[in-house]
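So you can see what is in the structure, the chains are spelled out below.
There are 2 protein chains.
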Amino acid sequence: MSASSPESRTPAVREFIAAHREPFLAELGEWLRIPSVSAQPEHAPDVRRSAEWLRERLAATGFPETEVWETADGGLPAVFAHWPSADPDAPTVLVYGHHDVQPAALADGWQSDPFQPEVRDGRLYARGAADDKGQVFFHTLGVRAHLAATGRTAPAVNLKLLIEGEEESGSPNFGELIRRPANRARLAADVVVISDTGMWSESTPTVCTGMRGLVDCQIDLYGPDQDIHSGSFGGAVPNPATEAARLAAALHDGHRRVAVPGFYDGVVELTDRERALFAELPFDEEAWLRTAKSHGTLGEEGFSTLERIWARPTAEVNGVWGGYTGPGGKTIVPADAHLKLSFRLVAGQDVEKVREAVAAWVAERIPDGIRHEITFPGATRPCLTPLDHPALTSLARAMETAFEQPVRFTREGGSGPAADLQDVLGAPVLFLGISVPSDGWHSVNEKVELDLLSKGVEAAAHLWSELAEGLRPTDPAR
Amino acid sequence: MSASSPESRTPAVREFIAAHREPFLAELGEWLRIPSVSAQPEHAPDVRRSAEWLRERLAATGFPETEVWETADGGLPAVFAHWPSADPDAPTVLVYGHHDVQPAALADGWQSDPFQPEVRDGRLYARGAADDKGQVFFHTLGVRAHLAATGRTAPAVNLKLLIEGEEESGSPNFGELIRRPANRARLAADVVVISDTGMWSESTPTVCTGMRGLVDCQIDLYGPDQDIHSGSFGGAVPNPATEAARLAAALHDGHRRVAVPGFYDGVVELTDRERALFAELPFDEEAWLRTAKSHGTLGEEGFSTLERIWARPTAEVNGVWGGYTGPGGKTIVPADAHLKLSFRLVAGQDVEKVREAVAAWVAERIPDGIRHEITFPGATRPCLTPLDHPALTSLARAMETAFEQPVRFTREGGSGPAADLQDVLGAPVLFLGISVPSDGWHSVNEKVELDLLSKGVEAAAHLWSELAEGLRPTDPAR
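Going line by line, the protein sequences match chains A and B. The numbers in this note's numbering rise by one with no breaks, and the one at position 443 of the first sequence is 443. The numbers in this note's numbering rise by one with no breaks, and the one at position 151 of the second sequence is 1151.
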């Protein structure tokens, strides 16, 4: 074992963390007391206060550059920080997180005030404890532990942080923020680390390798100029509610595969290795169904539940409406009907091509006498870092050092700004998160496990060394 | 031509009508001034006033028995009248109509006050002029012309009238009213005459031979216990909105036939003669589409538009809703989704069997993990009087005598109390109506053509003689 191996640094890292744990938690508590709820306009000043608080803490941590970045008009600010490495060959890492939180009120059923952090049974309860202030803040202690354990005065990588202030409001300005030419240059990185996710469970540390993308779609169908009498006209004119149903029903074939021609073009199929890794996870379908509040599984034939939610693209009806929906009956052919659909994409699928395929498929299926409009309000690209990518190997090593056990690999079925960062910066994305499903994101009694929070600090402390080693450019002279 | 032939009575009938036209129209105008809007509680006293007004007029006409019939608690009254024939062998006829009207206000776009009748260009404009006061009231002059032309002091048939006061409110108490044992005995009849319909057009007198029935259905589908995240769970659990769409879409096969097994059981198919009669009607599909405010025709393959709306059963989606229907998108698997369906039935179909077939078909198609409820809030039976039924021949003769041209045969795609009367009384139903599509039922500027109103009086005057002749029981001794 070389002097620079992560295992050799473990005692120093742990010692440093133990010595600084109390002030670290006290500071995190101070931050959690700021109700930085981005969705509630009355809390906009709190979100701004949260940004300034974080900028100050990052400066105090040692980041030479710390800035509050205003978004477009009316938006809430992000925080940017940069700590250049002393090594001119060092790779550059951009950490993403967010400092805004979901709404919360004691009256919703919290055991303690969501904005008065409280430790009970080794858990820190507060809104934002896991999502995402706890997971952003572990980087402050992490980088200091990294310096202490390696004897450096600057990180082994050029370390950048971008901590968003509108994630819980759907990141309305994030795309513009990271694409603004001046910002884009400052954000340039070789790898992006997302610290806004979680692990399989307390006892099964995992690393996520990708997220699904998303294409939103609304289809509006127009038949008669007004609701008409189904006795006088029904059976002889097209009914837009029927046609909406026929479209939604035709989205899937009998094998529950998406039936839109071209939809699967380019899909990066699961490898045998990844399928085997997923299958090894201690997955309890009954428990999962309880979490899903669902009463059965159903999906694309030939794939397991985990494969379906993590690695397969889907078509989902998010909403449907048309005609009479009040009490009793009304014998009409409705004038219009509407569908809100969303398509989850996986790596290899192209947002624009999926939109074109859906639009063409819809246009072809609409009968004469029905006019339709189709809009695609939003989209998020999928992202996936291959299992053999060196950056992913570095992350796995850092996690394994912290947890002292092998980490497994998962994916995330949801969609997020990770892919946007991957796309804009042209950099692979890593997910470093220590939250667990019981942490209660967006729910009452949100908490973070203090033991896991320490593991997050440890993993972050090791990650910069690992990445500096794993991503070091090959010297062409050698 | 015998002395009793309708043609021979025509001059006397016309003379009588001409002599009594002015007071007849004056009285009708008085009735039309009563705003008997059953749907508006503030007009309940007007509906009662209308019933009493009609009862008095029927008594003045000569009906020996005239009664205001109260419906169940809170309902609005009907009017019953009976004028027995002097002939002990005479058949019994029950005329159905209604004395309540749709809401109307000058501000809706009427050219004159809807409750201040006004004659313009040979048309009488008022709410209820055609639907249905005008068509009820022509029977008062009709029976008197019948007596005058035949020299009788009582009608050739036992003539009964039942004039409902809640038709425009969906006849909530009508079924109870006619099934109440005491009433049912009083209503007993050999034939029912519905005077609440219309003809093809001013220049094409027609007789309707049947109406479609109706089965209302609501299907509620329940998936997750609450809306769940489509990223975390989508693609692996059943989506009730998708399942609702699959049900609604599966209602019709590729030939737009209803795909519920057993649905067509018992359907009385169109005869070649009736198809030929429909095909001879001067049907302008472009004009019909304008009336339907629709932009294309679509329906069961192998049938014309008129056949589809008059003589074929249908399945229609009247309403659909589920999931997120607000602005923007929401990436959920919705907790529930709902369908309001209605099935139009034709003669030979059984309401209960259709309900059972639909319920079984739905139950079989719901996947595991989706709970469903199916309810059938209401139903109306179909009715059809065969083209060769002697009562229909009598009606056609009466109409042809009045209009001096052959009448053609139609059906009605809607559903109404006719079938209920047919069912309760075990009597065939005739439709004697002189309204035309331009009369503006339920719309602004409702009117009745005064020339056609006179033809209605004439046809009614002839019908009682025709029916007395056509339905006379065969004397077993002959």
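Bear in mind the hints are in silico, worked out from the structure with no lab data behind them. One should not assume that every hint holds.
[Said to hold, decoys possible] Chain A is faced by these chain B residues, among others (derived, beta-carbon under 10 Å):
1. P1045
2. R1049
3. L1214
4. S1230
5. A1250
6. K1293
7. E1300
8. G1322
9. A1335
10. G1348
11. V1351
12. E1352
13. K1353
Every residue, glycine too, gets a C-beta built ideally from N, C-alpha and C.
Status of the hints after comparison with the structure:
no.	hint	verdict
1	P1045	26 Å, violated
2	R1049	29 Å, violated
3	L1214	7 Å, holds
4	S1230	5 Å, holds
5	A1250	7 Å, holds
6	K1293	4 Å, holds
7	E1300	7 Å, holds
8	G1322	5 Å, holds
9	A1335	8 Å, holds
10	G1348	16 Å, violated
11	V1351	14 Å, violated
12	E1352	18 Å, violated
13	K1353	20 Å, violated
Checked against the numbered hints given earlier, this structure breaks hints 1, 2, 10, 11, 12 and 13; the rest are met.
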